[in-house]
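2 protein chains.
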Amino acid sequence: MRNLTLLTDLYQLTMLNGYFEKNVHEDLVVFDMFFRKNACNGGYTIVCGIEQFVDYINNLHFSDDDLEYLKSLNLFSDRFLAFLKDFKFTGDIYSVSEGTIMFPNEPIITVKAPLYQAQLIETALLTIINFQSLIATKASRVCFAAQGDPVFEFGLRRAQGPDAGTYGARAAVIGGCNATANVLAGKLFDIPVVGTHAHSWVQKFDTELDAFQAYADVYPSKCLLLVDTYNVLNSGIPNAIKVFNNLSEKGYKPLGIRLDSGDLKYLSTEAKRMLDDAGFKNLSITASNDLDEYTIASLKSEGAAINSWGVGTKLITSAESPSLGGVYKLAASYKNDILVPKIKISENPEKINNPGYKKVVRIYNKENKAEADLIMLHDEHIDSSKPLSVFHPIYTWKSMIFENYNIRELQQPLFINGKCKHIKKPVLEIRDYVQTELNTLWDAYRRLSNPKDYKIDLSEKLWILKASLLDAKISYK
Amino acid sequence: MRNLTLLTDLYQLTMLNGYFEKNVHEDLVVFDMFFRKNACNGGYTIVCGIEQFVDYINNLHFSDDDLEYLKSLNLFSDRFLAFLKDFKFTGDIYSVSEGTIMFPNEPIITVKAPLYQAQLIETALLTIINFQSLIATKASRVCFAAQGDPVFEFGLRRAQGPDAGTYGARAAVIGGCNATANVLAGKLFDIPVVGTHAHSWVQKFDTELDAFQAYADVYPSKCLLLVDTYNVLNSGIPNAIKVFNNLSEKGYKPLGIRLDSGDLKYLSTEAKRMLDDAGFKNLSITASNDLDEYTIASLKSEGAAINSWGVGTKLITSAESPSLGGVYKLAASYKNDILVPKIKISENPEKINNPGYKKVVRIYNKENKAEADLIMLHDEHIDSSKPLSVFHPIYTWKSMIFENYNIRELQQPLFINGKCKHIKKPVLEIRDYVQTELNTLWDAYRRLSNPKDYKIDLSEKLWILKASLLDAKISYK
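Sequence order for the protein chains is L and H.
Residue 1 is where the first sequence starts when you use this note's numbering, and the numbers rise one by one after that.
Residue 1 is where the second sequence starts when you use this note's numbering, and the numbers rise one by one after that.
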């Protein structure tokens, strides 16, 4: 396992050293990880990367090498460096399970730990969760557009480095993709891999027909041919049909074709007609070439004859919106065993956090559709046998009452006193859970553009706490 | 060093197995890596990541683990897997040196190797070079906008995974950034790291003044304070001035302040006025918060009093254009020791490649400004004592003659017969080379929006070869 302990911003370490010098480093604090805007400009976000975050925490330690490097910076006392040598995470972490759907401002991961530990992990936590959540969400959008057709993740060559390609492939499968082309991801995460041949295979042989026949010879039962190296309709499809005929004579059923350029609507429908006429019905017609959820939705509505999608660059980078802005904010600090809620005001009002040690509860109707989420203080309880009244945290006159509902607390313990409580799940099982989660959402929240806003309310107690802290801080200038 | 041998698309391995079965795997071939559109919608691209590509090639081997995984896919013969066990790169690779400025369609890396070797490395080569080149180019644009002010890379938490944050930090420094906040990147690549404190430091103490004073106590000679936790002008700056006065009394010079929200033009000019009035002139006024080259250029032109820039999300993801579309195409294949140039037609004309074994020459005027590049066949030579005539490869009537010029061949050997010829250079030395390179460009090519197109011409011999292959392929359908 890689040692990512130094995968942090230098200011985490200068602060740690400062807390250590001021002897407040052991103070127990509560930090929340949350985001302020959904991934991909959409209506929801799939939380992904919990497994890698757990690995990171389990492996947190400063190697001799790391300490030597830190010493070379001439910023830290020897006493502090000796203290880091014994660093070990001993706190509590609560988290939603991997694949859970979350909404803006809801605590996803809550860390309750000595200050120096809670502070150090901020950067890596965000790097890991932000990226995988982004890609899982993007993949779910692409799969939504593909309306049940298989979607394959093909983006490694345009990914933002090896990890992005590999963890991105994992996240894409969790978000709904059927498989990836990335072999390393297949090996590391036990996810299905796919791949046939490139244009270079066709160019290598003297003619396209030779190339197709050679491919069919080697993979008679898995013959899917890339037909656009020279000309799809005048050369690629006629040659593919010749080779498919040869395969049929030997008793093999060809798999299909792939298109990687041109007008995919026109080429796919013409190709399908030619294949159908030749007796090759129900083949896979795979398209690739700069696809995303919008192009797929458009091709679908135009009636393209594509039934399988290879999605590369725009999925693996979430090109339209290439970051999820997850943050990690101090919510409370214990002083003499008393919890003191903390708030950060800001010149940008949307950057003001929800103070206190909190939890999130999701409210479902009797059809198991999610109706609203309630962010509340950790020690609050809902009696779900009674009507529940919720109100909008900014437009407080907007309120509603639930009468017949179920509730679910979303966070569960990930670490308690530094002990890992996380149970590793196979990626394909997480993918199934994501589908269950998505099924609890009305389609209005999944709409690709201009989705409906999901209701995220604060409990009355939390709302009052926040308002009182805001008042106090604003008068305190 | 990480084993990235499986960091490849499955189709590379299915093709390798096919070539092996057809016994053409040892055929010598030539592949070119190039891009079709500059990074960041700009006028040039800085090539970056060569060092990591060299590491990848040097470490290329299939571990027992890898082979066991490949066997489990039930796609490959035992004979082929045994062949992979002894895999070693034995070919030639020519490359521009890291930090070189390149333009569309120019061969950046040319691989001449047995087919199975040249094919396998495609994906990782592209993953490594595409991303770092993207970020180095983005960083050079941000630094251009900052007009010589220091620029710091702050993006790790929003990077697309650990590698993206870490190799991205390396690329950002190569592109011109002064330092990064990423400690791991600092350790791995020996680049400067920076960092002070976050909002959480301020929130942790009872008052902002306590927090600032505590920071000054611990870092009296490095005191840079984040002043926007509550209110910049009513609280942050007045408190900072109190602490700076205390520092001054003790003989320390404060470093400055950082703004991370709000109207950065207004806040910076007001903050500067207040600091100046208090006798603290020429301090660092650092700004962060969703910056990129466009916002920096705008703040500069508005007269903001910012003299140091922390750039995060939009730099580390190249948010506006988050991928560089580098490709790797078969250009030639040897048949009985005779080089056969290869071309790929396409439904998309811009996807047609330049065939043959090639090189690139840059033409400089006597003021050492780059005037044009010439892509030519590998065995062509220019006699620079004679006038040189070049013409546009599509609009062939556009031509010009150079009379007084110098030329430089851009590619140099990286590997010869599998032996590494690359000499590792410190990152800061590569950064200096990038500056030298950028100085050879007229500003029109560096313009942030709508830059001038740089001239990239084909030699007459290459142009004729391409035209004749196009004719032959188009008639061959």
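Certain hints may be false.
Which copy is meant is left open, so a pair is good if it fits within one copy or across any two.
Simulated pairs of lysine-lysine, DSS-like, Cα-Cα distance not exceeding 30 Å [to be verified]: (1) Lys85 x Lys187; (2) Lys253 x Lys242; (3) Lys473 x Lys242; (4) Lys242 x Lys22; (5) Lys222 x Lys22.
Hints were generated in silico from the structure; no laboratory data involved.
Quick caveat, the model's predicted, so the values are computed rather than measured.
Here is what the structure says about each hint:
no.: 1; hint: Lys85 x Lys187; verdict: between (34 Å within a copy, 17 Å between copies)
no.: 2; hint: Lys253 x Lys242; verdict: within (13 Å within a copy, 81 Å between copies)
no.: 3; hint: Lys473 x Lys242; verdict: between (77 Å within a copy, 19 Å between copies)
no.: 4; hint: Lys242 x Lys22; verdict: between (79 Å within a copy, 20 Å between copies)
no.: 5; hint: Lys222 x Lys22; verdict: between (66 Å within a copy, 17 Å between copies)
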